[in-house]
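Peer 1: Sequence:
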Amino acid sequence: MPTPANWPQTLVGVGVLVTGLALAFGAIGISSEAGYGGVGPNFLPWLVSIALTVCGAWIVWEARTGGFREMEESDSAPPYWTGFVWVSAGLMLNAGLITTIGFVLSCALCYLLAVQGLRRASGQPIANSPRTWFIDLATGLVISAPVYWMFTKFLAINLPGLTATGWI
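First residue of the sequence shown: 1, per the working numbering; consecutive thereafter.
Worth flagging that the hints you see were computed from the coordinates, not collected in a lab.
Yeah, the Cβ is synthetic: ideal placement off N, Cα and C, and Gly gets one too.
Be careful, since some hints might not be right.
[As the list claims (entries may be wrong)] For each label pair, taking beta carbons as the anchor points, the in silico distance ranges come out as: (1) Thr-65 - Gly-15: 29 to 37 angstroms; (2) Glu-33 - Leu-118: 17 to 25 angstroms; (3) Ala-95 - Leu-118: 34 to 42 angstroms; (4) Pro-41 - Gly-15: 22 to 30 angstroms; (5) Ala-57 - Pro-130: 28 to 36 angstroms; (6) Ser-32 - Phe-134: 46 to 54 angstroms; (7) Asn-128 - Trp-81: 13 to 21 angstroms; (8) Ile-28 - Ser-76: 17 to 25 angstroms.
All chains, full assembly: derive it from the sequences and hints.
Peer 2: So this is what it looks like as structure tokens:
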């Protein structure tokens with residue numbers, strides 16, 4: 001029996017369902033010509049749209065027939081919003097700066113900020129240490145540079161670089 005408390009769950013389900021249908025609508029315009037692996041470029045969008053549509057319908061059905069049926073009230077801690085802000089800032093800066101400072105540096109910055117947010121969320125006291133910031137930035141560079149080189153040099157996929165050489 002639906003209750004007013006189930007409406008947020010229903011809205012989430014409707015949002016997922018609408019996202020799946022919108023992705024399916026967008027996938028209609030993508031070529032289905034088979035490529036190297038026997039599947040065309042529209043395969044993954046169709047797969048994701050079908051999965052989202054099924055999940056969205058399932059969430060709506062679940063919410064309308066009782067919601068989280070077996071779930072008991074929990075004494076969980078409140079969300080750590082500061083960590084959320086750090087991670088979100090990393091993602092937003094990455095998206096905003098990738099064409100300006102290049103893939104490698106923007107991804108390293110994203111990694112740095114996300115790790116700082118996760119360190120703070122877990123209560124690590126070393127989060128404010130300059131040494132930790134340097135290590136996190138270096139780790140981000142060590143991860144993002146080979147990814148950039150793999151995509152640009154081996155797969156011939158153009159990613160935004162800092163220089164015209166194609167190495168950074």
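Peer 1: Taking the CB of Ala-95 and the CB of Leu-118, does the distance hold inside 34 to 42 angstroms?
Peer 2: Violated - the Cβ-Cβ distance for Ala-95 and Leu-118, about 19 angstroms, lies outside 34 to 42 angstroms.
Peer 1: Does the beta carbon distance between Asn-128 and Trp-81 stay inside 13 to 21 angstroms, or does it fall outside?
Peer 2: 18 angstroms, holds
Peer 1: Could one say that the CB atoms of Ala-57 and Pro-130 fall in the range 28 to 36 angstroms?
Peer 2: 50 angstroms, violated
Peer 1: Take a look at whether the Cβ-Cβ distance between Thr-65 and Gly-15 falls inside 29 to 37 angstroms.
Peer 2: 18 angstroms, violated
Peer 1: Can you tell me whether the CB distance of Ser-32 to Phe-134 sits inside 46 to 54 angstroms?
Peer 2: 48 angstroms, holds
Peer 1: Is 22 to 30 angstroms respected by the C-beta to C-beta distance linking Pro-41 and Gly-15?
Peer 2: 26 angstroms, holds
Peer 1: Could you see if the CB distance from Glu-33 to Leu-118 stays within 17 to 25 angstroms?
Peer 2: 42 angstroms, violated
Peer 1: If you check the beta carbons of Ile-28 and Ser-76, does the distance land in 17 to 25 angstroms?
Peer 2: Hint violated: Cβ distance 42 angstroms, outside 17 to 25 angstroms.
Checked against the numbered hints given earlier, the structure breaks hints 1, 2, 3, 5 and 8 and satisfies all the rest.
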